[in-house]
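> One-letter residues, chain by chain:
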Amino acid sequence: MATTGVQGRAVEGTGGGGEPFAWSMVLPLVRAGFMGFTGYFAAAWITAMIGHTVIVNPLPATVGYVVGLLAWLAGSGIWDGWIRRAFGGAEAPALTGVERYFRFSSDPKATAVRYVIFNVLAFFFAGLAAMAIRIELLTPDSTKWWLSEVHYNQTFGIHGLMMLLAVAASAIVGGMGYYLLPMMLGARTVIFPRLLGLSWWLLPPAAVAVFMSPLIGGFQTGWWGYPPLAQNSGSGIVFYTLGAATLLTSSLLGGINIIGTIVYMRAKGMSLGRIPMFLWGLFAAGTILIVEAPATFTGTLMDLSDMILGSHFYTGPTGHPLAYDDQFWWLFHPEVYVFVLPAFALWLEILPAAAQRPVFARNWGIAGILGITMIGAMVGVHHYFTAVSDERMPIFMTLTETISIPSGFVFLCALGTLWGGRLRLTSPALLCLMAMMNFLIGGLTGIFNADVPADLQLHNTYWVIGHFHYTILGSVIFSWLAGLYWWFPKVTGRLVNEFWAKFHAWWFFIFFNMTFLPMFILGIEGMNRRIAVYLPYLHPLNEFVSISSFFLGAGFLIPAANLFFSWRSGKKAPQNPWGSKSLEWHSPSPTPYIVFPEGSEVTVVGPNDNYAAGAPEPFVWAPTTAGK
Amino acid sequence: MAVEMARPLMDPAPERAKRGAFFFPMMFMGILSAAWFLARFMWGGTSVPKGVDMGMGIGLTVLMLLSIGPMLGARGKLNRGEDAGAIGNFAILMVVAILMIAGIISTWGAIPIGTGYGGIYDVTSGWIGLYFVGGLLGLLASFMKGKRVPERFRNERWVAHNVVSFWGELVLLWTAFFVVFYLL
Amino acid sequence: MAAGKGTGGVLASGVLCAAVIFGALRWEHTVALPVSSGKVVNGVHHYTVNEFNYYYVPTHFTWHVGEKVQMTVVDRSQSAPPLPHQFSIGRDLATRNNGFLHSQALAVGWKKNFFDGVPITAGGQTGPIPAFSVSLNPGQKFTFSFTVPNKPGKWNYACFLQTGQHFMNGMRGVINVLPAQGA
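From first to last, the protein sequence lines stand for chains A, B and C.
The first sequence begins at -18 in my numbering and counts up by one.
The second sequence begins at -13 in my numbering and counts up by one.
The third sequence begins at 676 in my numbering and counts up by one.
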C-alpha cells in the first residue's frame, strides 16, 4: 500500500507519554474497587438498619448496588477526568501514556483495549460456569455429588446472562468496534469520547454483581428473569435486573457514539456507499439498541419495582406476567443481531483483504445488514408462539422466516468475494470461514424454530440450545477471535503466533461441533433445557457432549496464552501485515496516541475494498488546507 | 507542550456534530419515555382514577410550559454570544427543575403503588424525575462553568446548547406525561 | 500521575473498605440475623432459625439428649410477594413418584417425625402434638420449647411447601442429636 510523506512524518507527542509502566498507575483501578465495595456494604448496611431488615434483602441490595456503582465510578478517575472540569473546575489531566488503561479515560483506544480484557475475563468465568453445567450433565443425576438443583439453576443463569451481555454484546462492538470506529472513518476520536469511556466503567460492577448474586440468594430464572418465578426467587434477582439494566446502558452509550460518529464525523468524501462494511455492521447494532432497548430496559426496572417498591406489574391482582415476556423479547431477540451483525460485517472486512478482491455486490451486503436490522425488530414475536392464538401464528412465522432473506445477501456477498479470489488462508480468514460454516448450521436450524409446527415440538429443548450456541459461540466468538488476530498487530505492533492460532482454530472448530451438533439430536429426543436431572436414556449422548465440551473449554487456554505471549514477545509486525487497503492501516502499528498526524487530512475517493486490478488507492492524504 | 497540542486533535468534533449527535441520546430517552407512557394503557386502566392530584399536575404542567420562555431566551442569547445573560436564564431553569422534582415527589402515593395505575404512575414519574435530576445537574454544570471559567464556557458552547435542547425535551415529555396520565 | 502519589489514599480506602465489609457482615450475623447458637438462659438453650427463599440460616444444629431447648422460627421470605415457609424435623423422606429418578421424586414430608410423642410448650400450653411442624406466614415468628427426646443421631429439618419445591430448592438443614452430656 502507499504511504504518503505526510503519514511517514513523526509528530511530536503522538506516541503518548513516554513514562514506562509503574504499578502505581494501577492505583485508580484499585481505588475504584475499594470504593465500590465500601459503597455497596455501607449503603446496604444503613438501609437494612433503617428498614429493620437484613442486608441480603432486595431493598438493601438495590440501594447498595446503586451507591456502590456510583462510588466505583467516583473512584475511577471520572471526577478528575470529566466532572470537575464540566463544573468549571481544574482542567482534566492529559492521559496519553500507559496510565490511561487503568483509569477513566476519554481515549477510545484505551477504552477498547479495556473492553477486550473485560470480555476475556468475563468469558473465562462464564466459561467455568459452562463447564460446571456440563459436569452436572455427565450423569443423569449429579445433584448428590456436584451442584444441587438450585445451584444448577443459578449457574446456567449466570452463564447465560454473562455470556450474552458481558461477552457477546461487547466483544466485537466494544473491543474491535470502538477501536476502529474513528480510525476507519478518518477521525481521531469518537463524537462523545467521555461517554464512551464511561460505558466501560459500567461493565465491571454489573458483572461482579451478577457473578456474586448467589451470595444473596441467587436467581433461579435463567437469563430470562421471567416473573412470577423471578419474584419467588432469592434476592439475587435484583442483581440480575440491575446488572442487565447497567449492561444495557453501557451498550447504549456505545451505540449512541457509533451512530453519532458515523453520521457526523466521516472523512471528506466518505459517502454512505464508501463507509467500510464493518462500520455498517456497527451502525446496525447501534440502531437496534437505540430503537429496541427501551421496552426491555423498562421491563427490568418494572420487575425490580415489583421486588422493592411493592408495585404489581407482573404479580398480584393487576399483574400481567406475560407482559414481561413481550418486553423482554422486544429487545433480546433483536439483541442477537447486535451480536451477530458486527460479526457478519467483520467477515466482509477481513475476507476481501485476505482474498484481495472487492466485496462482491457490496451494496446488496449493506442492504442485507440493514434489512436484518429492520426485519429483526419484529422477529422477537416468534418467542410468543405458545402464548398467542392460532390465527397469529402464520404472521409470526412469516415475519420470522423473512429474516433469512437479508441474511442470505450477506452470505452471498462473502461467497462471491471468495469466488475466484486467491485467498491467503491466514488464521483470521480461516476463523471467518469457520464462523460462516457454523452460522450456516445455526441459521438453518433456526428456520425450524421459526416454523410453528416444528417449534411447538422443539421449543425449550436442547435443539434451541444447539441453535443459539451455533450462532453466538460458533459465529460471534469465532469472528471475535478472527478480529482479535486480524487487528492484533494494529494494537500491539506484533503478530500473533500463526501456528498456534490455526491450531486452536481447528481445535475449536472440531470440538465445538462435537459439543453442539449432538445437542440437536438430544433436543429431538426430548431433552428439555435447564434441567439438572434427565432421564437415563439420554445419558450416552450427554456424556459425549460433556467430554467434548471439556476439550472445547480447555482449548481456550491456547488463544489466551497465544495473545499474551505474542503481546510480550511476538514477532514485530510491519505497518500493514495483511496488505489491507483499509484506512486504519494508514497509521503506524502500534497505533500512536494521536491516530493520524497533525496537519494532514484524508480524502476518500473509493470504498476501502477496491482491490480490483488498476483501481485507485481509496484514501488520499494531503496537508490540511488553511481555515479548516 | 505536546500534550496541550494534542487536546484539540483528539477531540475534533465540531460544534455542529456535537449538537447534532446529542439528538441520538435524546431520541433514546424519548423512546424510553414512550415505552413508559404506553405501559400506562396496559396497567393503568381506561380512565384516570379518582384521587389523582389534579391541581399539582396542572400546576407543574403550566410551570413547564412557562419555562419555554427562559429556555428560548437562553438559546437566543447563546446564539448571539451573550453568555452571561444565558447563565441567568439557566438559574431560572434550575429553580424550575427543583420545583418540578419536589412536585413530582409530592404526587407520589396519591394512588397506592400496589394498584395498576398507581404503580405505573409512580415508576414513570420517578423516571421522568431522574431526567429532571439529570437536567438540573447539566444546568448546574453549565452555570458553574460559565461563572468560573467563561473562557471554557465559550469554547464549549455546544454543551450549553445541548442542555437547552434537553430542557426542550423535558418540556415535551412532561406535557406528554400530563396528557397520558391526567387527561386520557 | 506521578509514581507513588495517591498510594496513601488508596491504602486508606482499602482499610475503610475492609472495615465496612467486616462491620456490615458482623452486624448481619449478630444483630439482624441472631442465630443464637445455644445461648443458655436459666438452663434453657435458645436457638433461632431464619427462613429465606429457599434456605435456612443456620443450616446446622447440635443438641444433646435431655437439654431444654427454646426454638424461635422466623419467616424472613425476601421475595415479592413474600412466601410462607415451614419448619419440620424428621427422618426418611416420604415421596410421591413423579416418573423421575428416586432422588427427584417429590418430597412431601418425613416418614418419622422427630417430635412424635414429645411434649411441646407453646403459647402457655404443653402437650404432645402429632406430626408437629411450624408453618409461618411471611414476617411471622413462632417460639416453642421442648426437652430433647432420647432419639440420638442425625435428624433433618426442611420445608415441604408447594409440593416439595421448597425442599428441592435446598430448604433443608441438619440436626445432630448427641447422647446426654456426661452420660
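Some hints could be false.
As the list claims (entries may be wrong) - Here are the simulated lysine to any residue pairs, SDA-like style, with alpha carbons at most 20 angstroms apart:
#1 C:816 - A:252
#2 B:4 - A:125
#3 A:125 - C:737
#4 C:743 - C:770
#5 C:743 - C:799
#6 A:125 - C:766
#7 C:829 - C:703
#8 C:743 - C:847
#9 A:125 - C:795
#10 C:743 - C:840
#11 A:125 - C:714
#12 C:714 - C:737
#13 A:125 - C:722
#14 C:816 - C:722
#15 A:249 - B:133
#16 A:249 - B:69
#17 B:4 - A:32
#18 A:249 - C:772
#19 B:133 - A:245
#20 B:4 - A:494
#21 C:816 - C:695
#22 A:125 - C:720
#23 B:4 - A:66
#24 A:483 - C:772
#25 A:125 - C:819
#26 B:4 - A:247
#27 B:4 - B:69
#28 B:133 - A:71
#29 C:743 - C:690
#30 A:483 - B:4
#31 A:483 - A:494
#32 A:125 - C:799
#33 B:133 - A:65
#34 B:36 - A:66
#35 A:125 - C:703
Everything labelled a hint here was simulated from the structure, so no lab data went into it.
Being a predicted model, the structure only gives us computed values, none of them experimental.
> Each hint should be assessed against the structure and marked as holding or not.
Structure-based check of each hint:
With a CA separation close to 71 angstroms, the supplied pair residue 816 of chain C and residue 252 of chain A exceeds the 20 angstroms bound. For the proposed pair residue 4 of chain B and residue 125 of chain A, the alpha carbon gap of about 59 angstroms is over 20 angstroms, so the pair is violated. For a cut-off of 20 angstroms, the pair hint linking residue 125 of chain A to residue 737 of chain C is broken: about 23 angstroms separates their Cα positions. A hinted pair counts as satisfied when its Cα atoms are at most 20 angstroms apart, and residue 743 of chain C with residue 770 of chain C does not qualify at roughly 32 angstroms.
Pair hint residue 743 of chain C plus residue 799 of chain C holds up; C-alpha atoms about 16 angstroms apart against a cutoff of 20 angstroms. Straight-line distance between C-alpha atoms of residue 125 of chain A and residue 766 of chain C comes to about 18 angstroms, which keeps the hinted pair within the 20 angstroms bound. Between residue 829 of chain C and residue 703 of chain C, the direct Cα distance comes to roughly 29 angstroms. Violation of the 20 angstroms bound is thereby established for this hinted pair. Straight-line distance between C-alpha atoms of residue 743 of chain C and residue 847 of chain C comes to about 23 angstroms, which puts the hinted pair past the 20 angstroms bound.
For the hint pairing residue 125 of chain A with residue 795 of chain C, the CA-to-CA distance comes to about 34 angstroms; that exceeds 20 angstroms, so the pair is violated. Of the pairs offered as hints, the one joining residue 743 of chain C and residue 840 of chain C is violated, with about 32 angstroms between alpha carbons and a cut-off of 20 angstroms exceeded. Between the alpha carbons of residue 125 of chain A and residue 714 of chain C the distance comes to roughly 34 angstroms, so the proposed pair goes past 20 angstroms and is violated. Straight-line distance between C-alpha atoms of residue 714 of chain C and residue 737 of chain C comes to about 12 angstroms, which keeps the hinted pair within the 20 angstroms bound.
Among the hinted pairs, residue 125 of chain A with residue 722 of chain C is inconsistent with the structure: their alpha-carbon atoms are about 29 angstroms apart, more than 20 angstroms. Distance check on the hinted pair: residue 816 of chain C and residue 722 of chain C sit about 13 angstroms apart at the alpha-carbon level, within 20 angstroms; holds. This hinted pair does not check out: residue 249 of chain A and residue 133 of chain B have alpha carbons roughly 38 angstroms apart, beyond 20 angstroms. Using a Cα cut-off of 20 angstroms, the hinted pair residue 249 of chain A and residue 69 of chain B is violated, with the two alpha carbons roughly 33 angstroms apart.
Between the alpha carbons of residue 4 of chain B and residue 32 of chain A the distance comes to roughly 45 angstroms, so the proposed pair goes past 20 angstroms and is violated. Proximity of residue 249 of chain A to residue 772 of chain C is assessed by CA-CA distance (about 73 angstroms); at most 20 angstroms being required, the pair is judged violated. A hinted pair counts as satisfied when its Cα atoms are at most 20 angstroms apart, and residue 133 of chain B with residue 245 of chain A does not qualify at roughly 31 angstroms. The straight-line distance between the Cα atoms of residue 4 of chain B and residue 494 of chain A is roughly 47 angstroms, outside the 20 angstroms bound, and the hint therefore fails.
Under the criterion of a C-alpha separation no larger than 20 angstroms, the hint pairing residue 816 of chain C with residue 695 of chain C is inconsistent with the structure, at around 30 angstroms. Annotation: proposed proximity of residue 125 of chain A to residue 720 of chain C is violated, straight-line Cα distance about 33 angstroms (limit 20 angstroms). In summary, the hint linking residue 4 of chain B to residue 66 of chain A is supported, as the alpha carbons are separated by about 18 angstroms, within the 20 angstroms threshold. For the hint pairing residue 483 of chain A with residue 772 of chain C, the CA-to-CA distance comes to about 52 angstroms; that exceeds 20 angstroms, so the pair is violated.
Between residue 125 of chain A and residue 819 of chain C the CA atoms are separated by roughly 33 angstroms; this puts the pair beyond 20 angstroms, and the hint is violated. For the hint pairing residue 4 of chain B with residue 247 of chain A, the CA-to-CA distance comes to about 14 angstroms; that is within 20 angstroms, so the pair holds. For the hint linking residue 4 of chain B to residue 69 of chain B, the alpha-carbon distance of about 19 angstroms falls within 20 angstroms, and the restraint holds. With a C-alpha separation of about 14 angstroms, the suggested pairing of residue 133 of chain B with residue 71 of chain A holds against the 20 angstroms cut-off.
A C-alpha spacing of about 44 angstroms is found between residue 743 of chain C and residue 690 of chain C, which places the hinted pair above 20 angstroms, so the restraint is violated. A threshold of 20 angstroms between alpha carbons decides the hint, and for residue 483 of chain A with residue 4 of chain B the separation of about 44 angstroms lies outside it, so the pair is violated. Simply put, residue 483 of chain A and residue 494 of chain A have alpha-carbon atoms about 17 angstroms apart, close enough for the 20 angstroms limit, and the pair holds. A hinted pair counts as satisfied when its Cα atoms are at most 20 angstroms apart, and residue 125 of chain A with residue 799 of chain C does not qualify at roughly 42 angstroms.
Note on residue 133 of chain B and residue 65 of chain A: the hinted pairing holds, with a Cα-Cα distance of about 14 angstroms set against a maximum of 20 angstroms. Our distance criterion of 20 angstroms between C-alpha atoms is broken by residue 36 of chain B and residue 66 of chain A, whose separation comes to about 48 angstroms. Between residue 125 of chain A and residue 703 of chain C, the direct Cα distance comes to roughly 30 angstroms. Violation of the 20 angstroms bound is thereby established for this hinted pair.
In this structure, the earlier hints numbered 1, 2, 3, 4, 7, 8, 9, 10, 11, 13, 15, 16, 17, 18, 19, 20, 21, 22, 24, 25, 29, 30, 32, 34, 35 are contradicted, and the remaining ones agree with it.
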